[in-house]
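There are 2 protein chains.
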Amino acid sequence: VSAIAAEIAEQPDSLARLLRDGRDEIDALAARIVEARPAFVVVVARGSSDNAARYAQVLLGVRNGLTVGLAAPSIVTLYGGRPDLSGALVVGISQSGVSPDVVAVVDEARRQGAITAAFVNDAASPLARAAEHVVRLHAGPERAVAATKTYLAELGALAMLSASLSGHGWDELAALPARLAEALEEPRAIDAARFAGSKRLVVLGRGFHYATAFEIALKVKETSYVLAEAASTADFLHGPVAVMEEGLPALIVAAGRTPPELPSLLVRLPELVVISDRAELLGRAALGLRCPSVPDWLSPLVAIVPGQRFAVALARARGLDPDAPRGLTKVTETT
Amino acid sequence: VSAIAAEIAEQPDSLARLLRDGRDEIDALAARIVEARPAFVVVVARGSSDNAARYAQVLLGVRNGLTVGLAAPSIVTLYGGRPDLSGALVVGISQSGVSPDVVAVVDEARRQGAITAAFVNDAASPLARAAEHVVRLHAGPERAVAATKTYLAELGALAMLSASLSGHGWDELAALPARLAEALEEPRAIDAARFAGSKRLVVLGRGFHYATAFEIALKVKETSYVLAEAASTADFLHGPVAVMEEGLPALIVAAGRTPPELPSLLVRLPELVVISDRAELLGRAALGLRCPSVPDWLSPLVAIVPGQRFAVALARARGLDPDAPRGLTKVTETT
Chain A
-2 VSAIAAEIAE QPDSLARLLR DGRDEIDALA ARIVEARPAF VVVVARGSSD NAARYAQVLL
58 GVRNGLTVGL AAPSIVTLYG GRPDLSGALV VGISQSGVSP DVVAVVDEAR RQGAITAAFV
118 NDAASPLARA AEHVVRLHAG PERAVAATKT YLAELGALAM LSASLSGHGW DELAALPARL
178 AEALEEPRAI DAARFAGSKR LVVLGRGFHY ATAFEIALKV KETSYVLAEA ASTADFLHGP
238 VAVMEEGLPA LIVAAGRTPP ELPSLLVRLP ELVVISDRAE LLGRAALGLR CPSVPDWLSP
298 LVAIVPGQRF AVALARARGL DPDAPRGLTK VTETT
Chain B
-2 VSAIAAEIAE QPDSLARLLR DGRDEIDALA ARIVEARPAF VVVVARGSSD NAARYAQVLL
58 GVRNGLTVGL AAPSIVTLYG GRPDLSGALV VGISQSGVSP DVVAVVDEAR RQGAITAAFV
118 NDAASPLARA AEHVVRLHAG PERAVAATKT YLAELGALAM LSASLSGHGW DELAALPARL
178 AEALEEPRAI DAARFAGSKR LVVLGRGFHY ATAFEIALKV KETSYVLAEA ASTADFLHGP
238 VAVMEEGLPA LIVAAGRTPP ELPSLLVRLP ELVVISDRAE LLGRAALGLR CPSVPDWLSP
298 LVAIVPGQRF AVALARARGL DPDAPRGLTK VTETT
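Which chain is which? The protein sequence lines are A and B, in order.
The numbering of the first sequence is our numbering, which starts it at -2 and goes up by one.
The numbering of the second sequence is our numbering, which starts it at -2 and goes up by one.
No lab work stands behind these hints: they were computed from the structure.
Any given hint could be a false lead.
Note that the list lumps identical chains together, so a pair holds whenever it fits in one copy or between two copies.
Using 20 Å as the maximum straight-line C-alpha spacing, the simulated SDA-like pairs for lysine to any residue come out as follows [what the hints assert, rightly or not]:
| hint | residue 1 | residue 2 |
| --- | --- | --- |
| 1 | Lys196 | Arg315 |
| 2 | Lys327 | Leu262 |
| 3 | Lys196 | Gly324 |
| 4 | Lys196 | Ala283 |
| 5 | Lys327 | Ser261 |
| 6 | Lys327 | Asp119 |
| 7 | Lys327 | Arg265 |
| 8 | Lys327 | Leu317 |
Next comes chain A alone, as it looks inside the complex:
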């Protein structure tokens, strides 16, 4: 079995470990937020962790009344800008905790007196040392170049922060490892052969699943070398929809609450993969991937699993080794 497939399969255990061992650090950060009441939140991240940042924006906005923005590190690292972060909570998210641009933004924020936090798998990393609060992901070593279990752990830690801030949702979180195990078992195998001939894929999701769409597209790019472009269903209708033509496949994440534009999109996309918890949506796809039904705010943690599995199945159908992405190393350092 490949490293990535093994790490996908570890996710229920990894999340259960985070729920058990990670709570103290997260509760401490939540207490600091409640006490200091930051005016806004900035998340700084790259790659899969930037997709976790997209989840943080919707999650903390919907459940906790926090306005969250994603940082543009170039402002600090390329131009020496000093945007005012003094009233902010600044969260760096990174598996390795080494990318210098992510560390630079957290450094600058702390210098200005912002509340800073690092969500990291490696508690001895430069990012962990830069931040006031450290939230360890407890995912264990990740060997595959394409991140899977650390992405899930990032979502899990963010969901725990949301629960700790609001005081509710812990019971729903506790039920999640079992739902993840179901997502690994059904469908038992994914047949992606039908989609193996295309070097292009459009991946759509909105709201909580904006992050899911971006993360699935990234996994497909990393493992199958297919140019997979992610967009929110709403943004897609404001221009990119023009690219759709017969034979261009699309994947839509439609679990939980779905956007009003979904029905009109479904009829425009004939070559379709659907990830959903609803039989009527799955039945309209060329390939329907069922995911367990969970509350909307936790849906990205289960809906990503069939997406990860689809990426691996697509790589294999294309005759590729999903553990050896072209041009990539496990740790990428950008400045």
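Based on these hints, arrange chain B on the given structure of chain A.
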């Protein structure tokens, strides 16, 4: 001549008109910002206007010390979330000013007591009515479905806001219409035939040109039906670089200050279009598109012009009518 080509050519005049007639509204907004000192800025937009928002983030961060985030309208419209915007400046940007999701976020922000502003081409639109401050774009009616001159006017109005806030840059702005006219003349014609056979394109830019890369990719998708994916050069190295293979074309925007990873990227991308003001970078491309040299903060206003012209040339080389994007209408309303 097509509507889009005519509107691309109008851009020097359109920007000169904005500089002449738009200043009072922008100075009034700047005075309000200086007086009220919002803790952060949120921009809400869709399509090309969302790319103008990407410019706003870097521009106001680098030149004005403001932290800018891009809104996720779904938080409000899909889930009924009420993220705290009370300490913010919330800017809606839209050509038409009608998309209900953009209006909903500005409505919610104003209800909470935020400073609100609408950057719109249509001053009678719902978005203009929703906001406290209106900044008219003075671009005149836009007939082509793919926005060009209104995107440029949005960048121009944001650059004017930055100049008004900082008190400097007006002389550099005043010189810009002449630079735009140069960008329309050189190169005199763009030969995109070499790239017409590919249905995929990667478009890269960072910092100020993050916006330029996204806007060029959107124009290519809208007019040439090529799946053009934009990324920052840094994000690209954190995963998507795996898609690169012989024959997959890339376009890099490398005008003004360029990121440290650029040299290593150039050698990895053989089938390359470069937009730059530097001869040594242009000489390394299969197709080099020179743009005028201007200060970094204004470079997106001139570098977009060869990008727009490349998109139109590519559409024609693919035998398409760039005025008739498949599946699109001029005004898109999403909720």
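Going through the hints against the structure:
1. Lys196 with Arg315: For lysine 196 and arginine 315, the Cα distance is within 20 Å both inside one copy (10 Å) and across copies (19 Å).
2. Lys327 with Leu262: between (36 Å within a copy, 18 Å between copies)
3. Lys196 with Gly324: within (18 Å within a copy, 22 Å between copies)
4. Lys196 with Ala283: within (18 Å within a copy, 23 Å between copies)
5. Lys327 with Ser261: between (40 Å within a copy, 18 Å between copies)
6. Lys327 with Asp119: Cα proximity of lysine 327 and aspartate 119: one copy only (14 Å, versus 49 Å across).
7. Lys327 with Arg265: between (38 Å within a copy, 19 Å between copies)
8. Lys327 with Leu317: within (18 Å within a copy, 42 Å between copies)
Of the hints listed earlier, there is not a single one the structure fails to meet.
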